[in-house]
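J.: Protein chains in written order, with this note's numbering: chain A, 4 to 238; chain B, 4 to 238.
Errors might be hidden in some of the hints.
For identical chains, the list gives no copy identity; a pair is met inside one copy or between any two copies.
[Said to hold, decoys possible] As a list, the in silico DSS-like pairs of lysine-lysine whose alpha-carbon atoms are at most 27 Å apart: (1) Lys23 with Lys179; (2) Lys34 with Lys179; (3) Lys82 with Lys167; (4) Lys23 with Lys34; (5) Lys22 with Lys179; (6) Lys23 with Lys13; (7) Lys212 with Lys34; (8) Lys82 with Lys34; (9) Lys205 with Lys167; (10) Lys179 with Lys205; (11) Lys83 with Lys34; (12) Lys34 with Lys228; (13) Lys83 with Lys13; (14) Lys22 with Lys82; (15) Lys82 with Lys13; (16) Lys167 with Lys23; (17) Lys216 with Lys83; (18) Lys216 with Lys228; (19) Lys22 with Lys34.
Hints listed in this document are in silico derivations from the structure and should not be mistaken for laboratory results.
The chain contents come next:
Protein chains: 2
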Amino acid sequence: MDNKIKPIKKRRLSEEVLKKLQSMIIDGTYKTGDQLPSERELSELFQVSRASIREALRVLGTLGFLDSRVGVGGGTFVKKISIDALINPFSEILGNEKELIIEMLEFRRILETEIARLAALRRTEEDIARMERSIDLMREDIENGGIGIEGDTAFHDALAAACKNSVFEKMLLMAKGLLVKTRQTTLKLKGRPEKGLEDHIKIFNAVKKGNSKLSLKLMMEHIEKAQADATVKNF
Amino acid sequence: MDNKIKPIKKRRLSEEVLKKLQSMIIDGTYKTGDQLPSERELSELFQVSRASIREALRVLGTLGFLDSRVGVGGGTFVKKISIDALINPFSEILGNEKELIIEMLEFRRILETEIARLAALRRTEEDIARMERSIDLMREDIENGGIGIEGDTAFHDALAAACKNSVFEKMLLMAKGLLVKTRQTTLKLKGRPEKGLEDHIKIFNAVKKGNSKLSLKLMMEHIEKAQADATVKNF
DNA sequence: GACCTTTCAAAGGTCTTACCTTTATATTAT
DNA sequence: ATAATATAAAGGTAAGACCTTTGAAAGGTC
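Start from the sequences, fold in the hints, and give me the full structure.
T.: Structure representation (structure tokens):
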């Protein structure tokens, strides 16, 4: 046969445009803050319909690379790239893929322990105050018969803020979103809330003292305990 | 003043559609493999133009949640959700945001050390063979005057595969993409290639023996060495 | 009856055109 | 000088017409 295998991928026009614009942003043709040509001009330049242009712009926009404003002085602009742009804005959509949940838990463990370690090294007075508030919040809720989930979350968020690394912070945010169901399940188990609170207090003291090794160790144990039950049974 | 603050966010119609479809996928209205109504039907259902529908579908498609085929038996289908869908498909776009690079390096350090630890616990014969090949590759390139970047990358990839956690694997992939320039810079420094190779061999032996603690420790040192120069000077 | 060819229609892909909405600025009137 | 008004550019939306792809049904041939 003369025919070779056909890897002929027909791309949509909007994808071509997408790729092109992407590479133009990467190579610096359009830099942060720059204005792109208007949709009508792009349509003219790429020789495709405005609809195709818009489909590409919409994707780039949703992904956090572009920003559009109507009116005079409006147009499409290249946004400052942030970590948010790395994480899929629809992460929550993950749902119940079991293997992934196990893997995500593993990921979260290492993420949180490192956050605790860094937090011990970098926390400010403000961070410490925020952690204290979260602990109080959790205590109060538990005393009133709640499971303290709000304070629990607040504590981990406060730690993440204290570690002064936006990548870790965002990663944790993503992981949390994905594992929200898992966490709720875990916390509902009898006795967990009180023990969780104890753990938080210990971690807090270690972080406050700036003892990074201890912070890491305690967080590791905290997560491992919390996950021990969850991993196999609850899904 | 009677006027309250205006949180009036006018959303684009395509965004409304996007949100709605997203929530329908999350809540299980449309499950993996299901076919969505045709664009024309959706247009009718949502009472918006087909263009708006398409803009929403294009975003969901690019994000990896949907898949479209033309022709008879074609249509728009819900894809199986994978980890890939969590990472922005355009991560490479990051570029030279300095603060982010520092933070990403910190992230990569913890990622790679944990990968090394897990790899020591889970590596198969196949993984070991793959690591060996990468080491040979690096050695040969260095002997021929190269910087061994290909083998270097291959080694880290092999480790990632050996850790048997797709989340770590994908995260590393993302981090690598973002830091590609950084890595090249680092490797070009005099003397680095040989030292890097030595490190790899040591790590390899630890992983092969299944010594997870040592693997972690060696990788930690390896990364720290490699990053020590890079962090401040080279950007 | 088995097999090939043709026809067909649904669904995505694309283009065109027209109109709406927003909004800073220039113009005009008071 | 101030306030009301017109303007035009740019994004947002709609409607409709084609094009292309592609599996399956219909029909014909051996």
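J.: Confirm or reject each hint.
T.: Comparing the hints with the structure gives:
1. With identical chains, the CA atoms of Lys23 and Lys179 are at most 27 Å apart between copies only, with a shortest distance of 22 Å across copies and 34 Å within one.
2. For a Cα distance limit of 27 Å, the shortest separation of Lys34 from Lys179 across copies, 22 Å, qualifies, whereas the shortest one inside one copy, 33 Å, does not.
3. Proximity of Lys82 and Lys167 under a CA criterion of 27 Å is satisfied intra-copy only: 23 Å inside one chain copy versus 36 Å between copies.
4. For a Cα distance limit of 27 Å, the shortest separation of Lys23 from Lys34 inside one copy, 14 Å, qualifies, whereas the shortest one across copies, 33 Å, does not.
5. Taking the shortest Cα distances, Lys22 and Lys179 sit within 27 Å of each other only across copies (20 Å), while inside one copy they are farther apart (31 Å).
6. In this assembly of identical chains, Lys23 and Lys13 lie within 27 Å of each other by CA distance solely inside one copy; the values are 16 Å within and 29 Å between copies.
7. Taking identical chains as interchangeable, the C-alpha atoms of Lys212 and Lys34 are never at most 27 Å apart, the minima being 44 Å within one chain and 49 Å between chains.
8. With identical chains, the CA atoms of Lys82 and Lys34 are at most 27 Å apart within one copy only, with a shortest distance of 9 Å there and 34 Å across copies.
9. When the C-alpha separation of Lys205 and Lys167 is checked against a cutoff of 27 Å, the pair qualifies only within one copy, where the shortest distance is 21 Å, while the shortest distance between copies is 33 Å.
10. Taking the shortest Cα distances, Lys179 and Lys205 sit within 27 Å of each other inside one copy (22 Å), while across copies they are farther apart (36 Å).
11. Taking identical chains as interchangeable, the C-alpha atoms of Lys83 and Lys34 lie at most 27 Å apart only when both belong to the same chain, with a minimum of 9 Å there against 35 Å between chains.
12. Taking identical chains as interchangeable, the C-alpha atoms of Lys34 and Lys228 are never at most 27 Å apart, the minima being 47 Å within one chain and 33 Å between chains.
13. Taking CA atoms no more than 27 Å apart as the test, Lys83 paired with Lys13 passes between copies only; the shortest distance there is 22 Å, against 32 Å inside one copy.
14. Taking CA atoms no more than 27 Å apart as the test, Lys22 paired with Lys82 passes in both settings, with 17 Å inside one copy and 22 Å between copies.
15. Taking CA atoms no more than 27 Å apart as the test, Lys82 paired with Lys13 passes between copies only; the shortest distance there is 19 Å, against 30 Å inside one copy.
16. In this assembly of identical chains, the alpha carbons of Lys167 and Lys23 never lie at most 27 Å apart, being 35 Å within a copy and 35 Å across copies at closest.
17. With identical chains, the CA atoms of Lys216 and Lys83 are never at most 27 Å apart, being 36 Å at best within one copy and 40 Å at best between copies.
18. In this assembly of identical chains, Lys216 and Lys228 lie within 27 Å of each other by CA distance both inside one copy and across copies; the values are 18 Å within and 21 Å between.
19. For the homomeric pair Lys22 and Lys34, the shortest alpha-carbon distance inside one copy (16 Å) is at most 27 Å, but the shortest distance between copies (29 Å) is not.
Consistency note: the structure conflicts with the earlier hints numbered 7, 12, 16, 17.
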